[in-house]
Structures are given as C-alpha cells and as structure tokens.
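Chains as they are written, first to last, in the working numbering: chain A, 399 to 707; chain B, 10 to 304; chain C, 10 to 304; chain D, 6 to 270; chain E, 6 to 270.
Calculated directly from the structure, the hints in this document are not laboratory data. Quantities reported herein were computed from a predicted structural model and do not represent experimental measurements. Hints may be right or wrong, so weigh each one.
Lysine-lysine pairs mimicking PhoX-like chemistry, simulated, CA-CA at most 25 Å apart [what the hints assert, rightly or not]:
#, chain 1, residue 1, chain 2, residue 2
1, A, Lys504, A, Lys532
2, A, Lys607, A, Lys691
3, A, Lys649, A, Lys423
4, A, Lys644, A, Lys423
5, D, Lys84, B, Lys303
6, C, Lys303, A, Lys687
7, A, Lys475, C, Lys77
8, A, Lys582, A, Lys430
9, E, Lys107, B, Lys303
10, B, Lys57, A, Lys509
11, A, Lys607, A, Lys532
12, A, Lys582, A, Lys438
13, A, Lys608, A, Lys475
14, A, Lys427, A, Lys607
15, A, Lys532, A, Lys423
16, E, Lys84, C, Lys303
17, B, Lys303, C, Lys77
18, A, Lys691, A, Lys427
19, A, Lys649, B, Lys77
20, A, Lys580, B, Lys303
21, A, Lys423, A, Lys438
22, A, Lys475, A, Lys694
23, A, Lys608, A, Lys532
24, A, Lys423, A, Lys401
25, A, Lys615, A, Lys635
26, A, Lys582, B, Lys57
27, C, Lys303, D, Lys84
28, A, Lys608, C, Lys77
29, A, Lys607, A, Lys504
30, A, Lys689, C, Lys303
31, A, Lys691, A, Lys635
32, A, Lys687, A, Lys475
33, B, Lys303, B, Lys77
34, A, Lys504, A, Lys608
35, C, Lys303, A, Lys607
Partial pick of chain C residues on the chain B-facing surface, computed with a CB cut under 7 Å [as the list claims (entries may be wrong)]:
#, residue
36, Leu58
37, Gly98
38, His106
39, Ala153
40, Asn184
Idealized CB from N, CA, C, for every residue including glycine.
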Amino acid sequence: EVKEVRFAKQYGLSYLPLIVMEQQKLVEKHAKAAGLGQLKASYATLGSGAAMNDALLSGSIDYASGGVAPMLTIWGKSRGEVRGVAALDTIPIYLNSVNPSVKGVKDLSDKDKIALPAVKVSIQAVLLQMAAAKAFGANEYDRLDRLTVSMKHPDAMAAILSGRSEVTGHLASPPFMFQELKDKRVRTVVNSYDVLGGPHTFDLVWATKKFHDENPKTYRAVLAALDEAVAYIGKNKRAAAELYLKASGSKEPISEVYEILSRQPVHYTTTPLKVSAFADFMNRTGSLKEKPKGWKDLFFPEIHGKKGS
Amino acid sequence: MEQSDTIALAPAAQVLAQRAPGPVVVEVEAARPLSPAERLWNVAALRKLLLLSLLLALWQVYAVTLDKPLLFPTLDDTLAALWNGILHGELLGRVGHSLRTLVTGYAIGATLAALLAVAAYSTRFGNDLMEILTATFNPLPPIALLPVSLIWFGLGQASIVFVLVHAVLWPMALNAHTGFTGITPTIRMVGRNYGLTGWRFAWRILFPAAFPQLLTGLKIGWAFGWRSLIAAELVYGVSSGSGGIGWFIYENKNQLETASVFAGLLTIILIGLAVENLLFAGIERRTVLRWGMKH
Amino acid sequence: MEQSDTIALAPAAQVLAQRAPGPVVVEVEAARPLSPAERLWNVAALRKLLLLSLLLALWQVYAVTLDKPLLFPTLDDTLAALWNGILHGELLGRVGHSLRTLVTGYAIGATLAALLAVAAYSTRFGNDLMEILTATFNPLPPIALLPVSLIWFGLGQASIVFVLVHAVLWPMALNAHTGFTGITPTIRMVGRNYGLTGWRFAWRILFPAAFPQLLTGLKIGWAFGWRSLIAAELVYGVSSGSGGIGWFIYENKNQLETASVFAGLLTIILIGLAVENLLFAGIERRTVLRWGMKH
Amino acid sequence: MASSKGTSAEAPLLEVRGVTLQYTTREQRVTATWRVDFDAWAGERLVLLGPSGCGKSTLLKAVGGYLKPVEGEVQFRGKQVHGPGPDRGMVFQEFDQLLPWKTVKQNVAFALQEGRGVPRREAEEQALHFIAKVKLSRFADAYPHTLSGGMKQRVAIARCLATRPELILMDEPFAALDALTRQQMQDELLELWQESPFAMLFVTHSIDEAVRLGHRVILLSPHPGRVKEVLALDGKGELGPVQSGAELQERIHRSLFETACDYSI
Amino acid sequence: MASSKGTSAEAPLLEVRGVTLQYTTREQRVTATWRVDFDAWAGERLVLLGPSGCGKSTLLKAVGGYLKPVEGEVQFRGKQVHGPGPDRGMVFQEFDQLLPWKTVKQNVAFALQEGRGVPRREAEEQALHFIAKVKLSRFADAYPHTLSGGMKQRVAIARCLATRPELILMDEPFAALDALTRQQMQDELLELWQESPFAMLFVTHSIDEAVRLGHRVILLSPHPGRVKEVLALDGKGELGPVQSGAELQERIHRSLFETACDYSI
Ligand SMILES: Nc1ncnc2c1ncn2[C@@H]1O[C@H](COP(=O)(O)OP(=O)(O)OP(=O)(O)O)[C@@H](O)[C@H]1O
Ligand SMILES: Nc1ncnc2c1ncn2[C@@H]1O[C@H](COP(=O)(O)OP(=O)(O)OP(=O)(O)O)[C@@H](O)[C@H]1O
Ligand SMILES: [Mg+2]
Ligand SMILES: [Mg+2]
C-alpha cells in the first residue's frame, strides 16, 4: 500500500467532490479508519484531459479526473489497464445559440459557427454528433462537424455574447451555459439530457489497474471518501459552495455558486450514467476502437454495485 | 543608435559662452563633464514614459469605443482590477511565485546556452552538435516536452522549469554563437597571445567581445521565458495552493473576469518594462554603450 | 567557427608533392582550387547526419527501455505512424497547410521587424518606440492576443497569422537592431559617403553589414514561428475540416495516438533540419562565411 | 591649373572657418580641434601635418560632413556642409573601410554606381581600370578579408579616385605601404590630378610625402588641434616658392617638434 | 648584450625553417610565404622589409603561433611552436587590437595579469608606467573607441612592451605616428632594449626606421614572400659592419624596387 495518494483535478465547479475531499481531508479520515495509518493525499490541478492522461501514464498521479472522452480514450488505448473509479457528477451540455432563427438542430446552417473546446475529440463534439445522428439519421452523424470551431469556454462565451464574431453557438457546460442564458438573446437549442434520454455523467475519476490491484485498501478508502464528499454536497449545498470559493479563490458571489449547485440538472453522484452510451456511439463512429461489453467493463468492480449505465 | 549620419555633438552655445583666448584655457576646455540638463535628456526612461502613456491612452480610447468589456476591458477597469488584485487578492504572491520559477529556468537556460555556444565555438563536434540540437529542438512546442518532463520531473515546478529552459536555451545559444563567431580575428588573437584558453578565454574574451549579442539573447530569452511560463502553467497546472501568474490569468479567464486577466497581463508588461529599462538598459549603459560597441 | 586558435590550413603533403624550384611555378602554386575530397569534408551536412543518427538511436533505446508506448513511443512506431500518415492519412496536407500559414506570418513578421529596426536605427523616436513595444509585447503569451485578434480578424487563418507575426516579430526586430547598432562607424560613413540615405542606405549598407545577426533573427523567428503555430492552432479557432500540423498533433494527443503525435513532431523536426541545413546553411555559405563575417 | 596661392578672384572651393570639433562621450567632452581656419581652392592639393591625436581625422570627417562643428562652419562650394556626399570622396584611416560583402571589384564599382550613378557594366569596367592602377588586378575578385593591410588601403584609394570627386579627403592613405608602392601610388595620384585637377586634403606623417604632394602644408598643433603654420610649396615636389629645399624640411620638422608638449600628466 | 651576428655558440632563440604559409579560403588556396628561412638570436633586433602583400604579417602570425605552416617549421627556444603565448608578445597591424571593453590602463594591466600573472595592483602600476612612456597618461581611463588611430597603436605598443616578452613581434607599429612621436617611440624601444635586451621581429616600410632599429634586415620578395637578402647592420642606427651609410640605403632600396613585379594581370 502506498504512503501517499495523488489526485489531479481540473479547474471548475464540476470537480467539487474532489475539492470537498481535499478541504475536509476525507481520504485521510477514511484511510485511518481502514487502518492505513497516516496516508497523505495531495491534489494537483491540471489544464486538460490530455495532460491528465500523460500524468497518469507517467506515474505522476494515481487518480485522474476529467470528462468522459479522455477516460474512454485511455481505457481503449490501454486495453483496460486504466478504468473508471467512479463518476463525479451528472451535468448537461447545452448548445446555446444567439441566432434567433435557430430553433432546433435542423435549423443550423453554414452561418452558424459552433464553438466547443475541441472539434472532433471533445465530449461536446461527440454530443453534437449524437444530436446530428438523431436528427438526420445515423449515417449523417458528422453533418454538423464542419460548423464547429475549437475555443475554450470563456472565449466562446465572450465571442457569442459580444455578437461580433461569426460564432453564434456554444456547446457549453456550467457555469458558462447558465451565465449565457442570463442574456435574453441566448436560447438553448440542444440539451444533452434530451439527446441521451436522461441525465448522464459529465466528469469522472479514473486510475490504473496496477494501482487498484496493489492498493486495495487505499482504493476503497478513496472511494468511500468520494462517496462521502458527494453526499456532503447533496446535503450541504451552501457549505459546499463556500468550500469551493475558499479553495479556488474565486471572486464569484456565493449566491451564484449556490444557485448553480441547486439547479435541477446538476447533480453530484458517484454512479456512472450513460457512459456506455457514449462509448458505443464513439465506437460506432470509429473514434473508439474497442467496444465495451457494458458499463461495468469500463469501471473497476468496486462500483459495479451501483445502478450505473 | 540615432541620427546615424552625424555623431552627436554638443550645442555650440556653451562653448561660445566660455570663450578664452589662450591655449592654456583651451587645454582645460578640451575635456569637461556634461551639464546636468544634458545628462537628464540622455535618460531614455523619461522620454519613454511619455510614449508609454500614449500607448495606454490609446488602449483606453479603443476599449471605450469598442465597448465590449468581456472581450477587451478598459484601462481603468484593468487598473482597478490590478489594484484590487494587489490589495486584496493574491496577485503579488502569484507574481513572486512565477518570478522565482522564471529566474530559475532562466538561469539554468542561460548557463546551458553559454556552455553550448562555447562548445560550438571551440570544437567542430560542438558546432555540429549545437546546429543539430538547435534545429531539432528549437521548433518544438512545449507540449512535445510534456511526456518526457513528466517522466523525468513529475508534476509541478521542476517540469515547468524544464519547459522554461527549453524556451530560453535555444535562442540564447544561437545569439551567443553569432556573437562568438562574429568576433574579429584580431581580438581573438590578442586573447590567445596571453595564453588564454578554454574557459578563461571564453570568460575574458568571448563573453565581453560578444556582449551585444549576449544581451540580445538575454532579452529574447527573458520574453520567451514569460510566454512559456504562462503557457506551461496552463498545461501543467499547479499543485495545490500554489500557482503563478499564468494560473491567475487562467482562473480569471474561466471566471470571465476579463479585467483581471488584463491586470495579470499588465503586471507582466510592467515587470517587463522595469526589467528592460532598469536592468537591461542599465547594463547596456555600463557596458556596450560605454565601450563603443553599440552606436 | 572552430579551432579558434589557428586558422585552418591545408595539409603539407599536397604542397610537398608539387615541389617546384623556380619562382614562376611558385606563382602558379600561389592560388589553386581545393581538391574534391577537401570540399566534401567541408560539407557539414554529412558530419551532421552521423550525429543525427546517434540521436535517433538514443531515442529508440530510451523508448524501448522505458516501455511506455502511450507516453513515449519508440522510433520505429513513430516512423510507422509517419509513413502511415503520409500514405493514407492527411499528414502531408496538414503540413502544407501549416507551412503556408507559417510562411505568411513569417514574411509579414520579418518585414515588420525590418521596418521597426530601421526606424529604431534612424530616429530617436523610432528607437524609443521599438524599445517600448518590444518590452511591452514580447513577453505576452499568444493567449493575450486572442481577444483583439478575434475582434480584428475573426476566426481562422488570419488570427493565426496574427499570432505568428507576434511570435516572430520581436525577436527578429531585436536581432536586427543589435546588428544595425553594432556596425562599425567606418562602414556607416562609407555608405553615407555615396549619398545613401533612408531605405537605400538600409538596403545597401545596414542589411548586409548586419547580416549575421539578421540570419540569427531569421533562425530564431523560424523556430518560434513553428512553436507558436502549433500552440495557436490549439488555442484559436480551428474550424473542423481545416487545421494544420498543430491540430494533427492535438487531435492525436487527445486520442492517445502517441506514435502519431510524435510523427507530427518528427515532421516538424525534419522540416526544421531541412530548412536549417539546406536553406540557412546555404545562405550562410554564400554570404557571411564567404565574406569573412563569421569565423 | 588653379592657383595655389589662394589669390584667385573666385571664392575658394572649401572654406573652413573657426571650426571647433568636440566629441561628447558619456562622461566627458573632448575637444579635438580648436577654431581651425583654412581654405582650399579648386585643384589645390593641401597637406595636413600634425602630431598623433591632434584631430586630423576629426577635421577630415567634419569636411566630409560626418561631424558637425560645435563652433564655426565648413562651406563647400559656397554652401554650408550638412552631410556627406560623393562630391567629397574619403579614404579613411581604418583598415575596415571596405564593404566586406563585396569583392574588390564590387567595392569600387559600388561606389561608382551609388555615388555617381554610373550604370553597372560601365562601373565595373572603370573599377577594373582603377584596380589596375593600384596594382591589384589579380585580386579583383577577392573579398576584403583576404587582403593584407596595405592591399585594403589601396582598394580604398582606387575606390575614392574612381568616383572622381571634386574634393578628395585622404587620411594617411599610404601609411601601410612600402616605399616603392607608396611612390607608385603618389605618381598615380599626381598623374590623375594632371588629367583633371581636383582639390585634395591629404593627411600624412611623412614630410617627404607632404613636400611631394602638397601645394600648401597646414601644420597643426597638438591636442586640441589648431592651425600652427601654413607653408606654401611649389606643388611639383620641388622647392616651395619661398623656401629652399633643406630649409623647408627643416622648418616643418622644427615646427612640428617644438609644439610637441608632453601629454604625460 | 647578445651577439647580433648570429655566430653565438648557443642555438638561436627563433628558428624559421623552410616555412611555407598558405590561406585556404572556400574557393582558393593562397600561398603567402614560400620556404622562408631565418634565425633570430636572443637579444637580436630583426627588421622585416618587403612590398605590400608579400606575407610579412602572415609570417609574424606564424611565429606568434596563430598560423601553422603547411611546410617547414618554426622553432622557439628549440621547441616547435604550437600556439600563441605571452613569451612572444605581438603588436598587430590592425587598429582594432585593443579590447574595447577595457580602458587604456586596463588593456595594459590585463595583459600583465593574464599573460604574466602579475597581481592586479602591481599590474596597474606598471601599466601606468608604460602608458606614460607612450605619452598617453592623460588617456589612461579612456576607452579605445575614443582614441585616434595613432593613439590606439601606442597603447598596443605599451601593452606589448609591458609584458616584457622574450620575443617581440611588431607589425608596422609606428606606421600611424607622426615623425616626432615615431622617433620618441623608437627611442623608448631602444632604451627598454638597453635595460634588458629582447629579441624582436619588426615589420616596417621605413628604411630609416629599419636602419635605426635593426641588427639585421630581412628583405622579402613580392607575393609569395621569399627571403631575398639579409643585410647586417650595426644595430646602433649607424652603418652596418660591411656597408657604408649611403650604400646601404641604396642597396635596400634597389633590392626592394627591382624585385617588384607588376601585379596587374
Ligand atoms: N569617437 C571618439 N570619441 C571621443 N573622442 C574621440 C573620438 N575619436 C577621436 N577622439 C579624440 O579626438 C582627438 C583627435 O582624434 P583624431 O582621430 O582626429 O586624431 P588624429 O589627428 O587623426 O590622430 P592620428 O594621427 O593618431 O590618427 C583625440 O584626442 C581622440 O582621443
Ligand atoms: N585571411 C586571409 N585569407 C586569405 N588570404 C589572405 C588572408 N590574409 C592575407 N592573405 C593573403 O596573403 C598574402 C600576404 O598577406 P599579408 O597580410 O601577410 O601581407 P603583408 O606583407 O603584411 O602586407 P602589408 O604590408 O600590406 O600589410 C596577401 O596576398 C593576402 O591577400
Ligand atoms: Mg587619424
Ligand atoms: Mg601586413
């Protein structure tokens, strides 16, 4: 068993469970309870899912966290040597548009450039393909790809709100989508929950099989800590919001954070939802070579008891 | 440096005022210190301050006209954010953190560049090596170094320093090399005449004789260090609780605190101006300008 | 350039073999062309090829030892991916796309750098302006330019070219400036003697006299152009379907196609080596080396 | 041939009036020459003689237009000199005055093309002609860095003469030449002058050379340089109109040697 | 005082044996000197005379160890010369031989510190002493770029003499000096030699200077340089042991002038 367990999170509210774990020293607590003694937990912040996978592969961290796409990719590439530990949250992705004539996917034309974090490879891009497949038929899944442009969320938001660029749409995640919707011109054209037929996991945590196998007690302690963190958020939204602001040094008003946390579609849970739907779709379009035999194939057994999908 | 057709000469008035008939007084006149006013006018910083204000005014006017605070904040918003960041926020701490990293990487990079350039100057093998290494690694973006740096240094400062070294090493080495190879044979022979070889030769002859180019390398390295530091902090992220100015910019960008983003950038600019005008300009005044190696 | 203590002289054997008693033959001997073998040995490319192979071998050995193909692929995997990318994939198209953008930005940047440096050399105002602008903008990361470039150029190539210009302009201008200010007063006076002023003076005197530094600026600019191009393609609006080698790398990186990522990087390196050894080395041979301005 | 006595009815070609020249360095101001006055008439060959560091090169640069006087003025053809120009060709004292990126031939041709607007082909022909005059035809395609010190100076001389300026400014051009070459160069110079007389300001340290080349000799005093004496010669390398041979040599020598003061503190 | 006739029982200090020197440029190989032979004995003052471009500077650089002969060898104190060293102090022909980042005093002191290991304080004292000898005390703290051509050369002379090398190599050191300064420098040189004799290889174009300074004069033929004649003088500026005064001058002159061939094509 290791003496120190290293986590990496990314920037943003969707990593709140990890922030709570860090702030409340939950891993240390559960490790002690499991008889592991003084386990040290350290948390780094990385800029992207790709950096996350590099860090995990190089052995710089034990637990990576991020979106569904990088997790599925490394699962496929490592042939199961890397698997999901648990989900962090279910959060929808909205396609927000400022073009008044766009009411649905079918209304999108060449004049509507859609910003997303990375064309083709991001989960947002996959989602747009899913929406296209649903609207135009399975073979037409890439029909909207030519409209997409890569932009970081804040830049994309600034671009559509400024109304000066050819970008009129943004496949956004919180808090950006909510902030955008405060502007009267902005409407949601696509909601990922509709596309997938229900809530789906947005971010999750993954680790290597080697770590999982060699540190069973630590692994379980971490999972327990994660569960507690998620539960804590569910029960103490305001306190969680405070923890977030304290940890991130963000200048947002607490009411805003609290509001997002309390919003209906945002939910923190360790249960993976619709991950296999993403995997199957990506496998069909060729961006994921391996095909999982179900969601349990993607995750370590400790989470198999949950009602995942 | 300026008015290249005529060498700057003092106004005639002063001389006329001190007319003296005899050659003895002329001898005294032959060499006298400059007046304080003339010295002041030579302080480029004062002239530049004016130019800088102009640029800032332009920014303000453009930002106000544009009226898109999310994209391009006004100067006063930015200054307010800067002030706020200094007073209440952690801006200064962040800057300190970044500066430490930067200076570390910069120092290592400069040292390696000097070693490489001296090796390239001294031996044919060194020369080939330097040419291959520079051509190979110089165009590589930091992202290419991510895997190896993670393997070698893990997450955190060490990796960022590694990226910084990569950013500054090659341009500095190239400039040093140009400097060394441009030294006139006579000066090199003079150095050899005193039996100077190896590092003593490099230190006593090559470095001062190539000083203008070394300085340029240092300036370019400094700027590219900043650029890469900020980019690296975004990719490599930060360990818990720390994080430099790059991370400050990234965070504020994500919070759409555009004024704070620009405050971060303005901080970098201000540091850059200070370094340029206090450090580099001071060095230039004491070295290449005084030595007549810059005209 | 090498063995700085003695100027390279030909081996004695050749001379001894052609001994001739009379002064008439001596006159003929006084200047004769080099033998083909000697010329060949002067081709640095051959020597460097060896060194390069060594580096590649090192890569292979390290990668095999490390055995983390997803992080650091072996050379043969990379070559396979490269071959694959060329045959079936779009690698060449991507490279072509990037090269076009790069050359555009590079050309604009070089031109602006030349203008700025000449202005800085000719007038005190230009000098102050250049010092302010370089100190201000050079340390700014491309990310800082995003807002204005979006406003001015929108998405796509134009913005990337803008970032490229920013990347290459300042180091080139700094190097040109060092070159210009380092020209000996005598050469400048000679140029003035023929009545050369303004652009004619810059073109006929400043540029050739500062050629070693200009070349260094071009080299550094070239490398930083690549770096920034790749970074810019990630940060800036790459529209789906378009995108150059930077996007190729990013895409493959996200799909953990590490061998392809390295194939992309290797492509850049190969282009860099070609440019360095064919273009720049060729220019050097025909200019500064022949003119005795590089030793 | 123009009068060498400065009594011609026309105005002099060059008028140097109370010219004081100073160098302003960071810490000091150094006065190089102090109220120097002299004229040069069209076709007149003037020689400047003076101790090392007395400001001869500085004075030449002021006439060339490279330096502005802090006091007094330099008039060329009745107009104040504002900058350099091809009408006043200069041979500098330094060995690095050739453009290193041009061959010997190109250096000379370039001066003709740029300074005199001669078309390229013609410029090259004339260049070769003058290169032959300085005995460097074999080195026409050599780059300057492969030449010896004396050879470099000869190229500079050829370059200056080729452009046929109205006023030639020469700063110790023959100092690096051996006795024979020097004599040949002097002959060439005089021959060219015979073909079409030009005015000349010639700095030398050789009294023989001064006598051989000059219509008049201007003697400068040491640092800062002032005009000490002006001696008239006959301009044919023989006696001056007033002096006898030995007496003249003697006089220059004495004049230079007596003004010399010890610089050491 | 060492013998000036080269008949001493010991071996010569410097032996130049069949030295051929060539420059290899990108396109050509230029032979500068061709099988040059001569010796210099300890304390002997040798003067090199020869036409411009005949290889005098090149020869001096070979003796200094900056160039390797392609044929023959240079031996100093019985050992082959492999590189430069402070035992062979050199004054170069070029004006850019002072280190521009050091003042006049520092330039001289640096040579003493680095070349001779003299401690800093002492080096500066000695430096000032030698700077006074070349009459530049007032410019001790000036940087080289503010000096005139002749002043720069005097600093270089002071720097070389201050390190008291066994063999002094001087490449036209006085060419940029006026007659008086030149004479003073010659006097200083001879005086120093009297104090402790050194060997010297002195390049000049002035026959007077050669006669004044040399024990022997080596006459070189034009390009490529070969030894044409070696003349013995008395080393006191008077007649040589064999020749009468006028005859000697005449002989040198004739020797130099007759070998001169026209370079032009
Ligand atoms: N660039 C400069 N900056 C400052 N002082 C200078 C500069 N050039 C020359 N001087 C000073 O001006 C004075 C005159 O110099 P100048 O070169 O005109 O002398 P010169 O008569 O040509 O001497 P020489 O015969 O040795 O060439 C000297 O005292 C010198 O120190
Ligand atoms: N760096 C070089 N590269 C090629 N050739 C050279 C180089 N230096 C000198 N030469 C050639 O070597 C020959 C001898 O040059 P050197 O400088 O030794 O002559 P010198 O006798 O000192 O002449 P001067 O009296 O003019 O100084 C000349 O023909 C010259 O062209
Ligand atoms: Mg002078
Ligand atoms: Mg010479």
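Outcome of the hint check:
no. : hint                  : result
1   : Lys504(A) / Lys532(A) : holds, 10 Å
2   : Lys607(A) / Lys691(A) : holds, 18 Å
3   : Lys649(A) / Lys423(A) : holds, 24 Å
4   : Lys644(A) / Lys423(A) : holds, 15 Å
5   : Lys84(D) / Lys303(B)  : violated, 33 Å
6   : Lys303(C) / Lys687(A) : violated, 55 Å
7   : Lys475(A) / Lys77(C)  : holds, 12 Å
8   : Lys582(A) / Lys430(A) : violated, 52 Å
9   : Lys107(E) / Lys303(B) : holds, 15 Å
10  : Lys57(B) / Lys509(A)  : violated, 46 Å
11  : Lys607(A) / Lys532(A) : violated, 36 Å
12  : Lys582(A) / Lys438(A) : violated, 48 Å
13  : Lys608(A) / Lys475(A) : holds, 15 Å
14  : Lys427(A) / Lys607(A) : holds, 24 Å
15  : Lys532(A) / Lys423(A) : violated, 44 Å
16  : Lys84(E) / Lys303(C)  : violated, 33 Å
17  : Lys303(B) / Lys77(C)  : violated, 52 Å
18  : Lys691(A) / Lys427(A) : violated, 35 Å
19  : Lys649(A) / Lys77(B)  : holds, 21 Å
20  : Lys580(A) / Lys303(B) : violated, 59 Å
21  : Lys423(A) / Lys438(A) : holds, 9 Å
22  : Lys475(A) / Lys694(A) : holds, 17 Å
23  : Lys608(A) / Lys532(A) : violated, 39 Å
24  : Lys423(A) / Lys401(A) : holds, 15 Å
25  : Lys615(A) / Lys635(A) : violated, 30 Å
26  : Lys582(A) / Lys57(B)  : violated, 46 Å
27  : Lys303(C) / Lys84(D)  : violated, 43 Å
28  : Lys608(A) / Lys77(C)  : holds, 14 Å
29  : Lys607(A) / Lys504(A) : violated, 43 Å
30  : Lys689(A) / Lys303(C) : violated, 61 Å
31  : Lys691(A) / Lys635(A) : violated, 36 Å
32  : Lys687(A) / Lys475(A) : holds, 8 Å
33  : Lys303(B) / Lys77(B)  : violated, 44 Å
34  : Lys504(A) / Lys608(A) : violated, 46 Å
35  : Lys303(C) / Lys607(A) : violated, 58 Å
36  : Leu58                 : violated, 9 Å
37  : Gly98                 : violated, 19 Å
38  : His106                : violated, 16 Å
39  : Ala153                : holds, 5 Å
40  : Asn184                : holds, 6 Å
In this structure, the hints that do not hold are numbers 5, 6, 8, 10, 11, 12, 15, 16, 17, 18, 20, 23, 25, 26, 27, 29, 30, 31, 33, 34, 35, 36, 37 and 38, in rising order.
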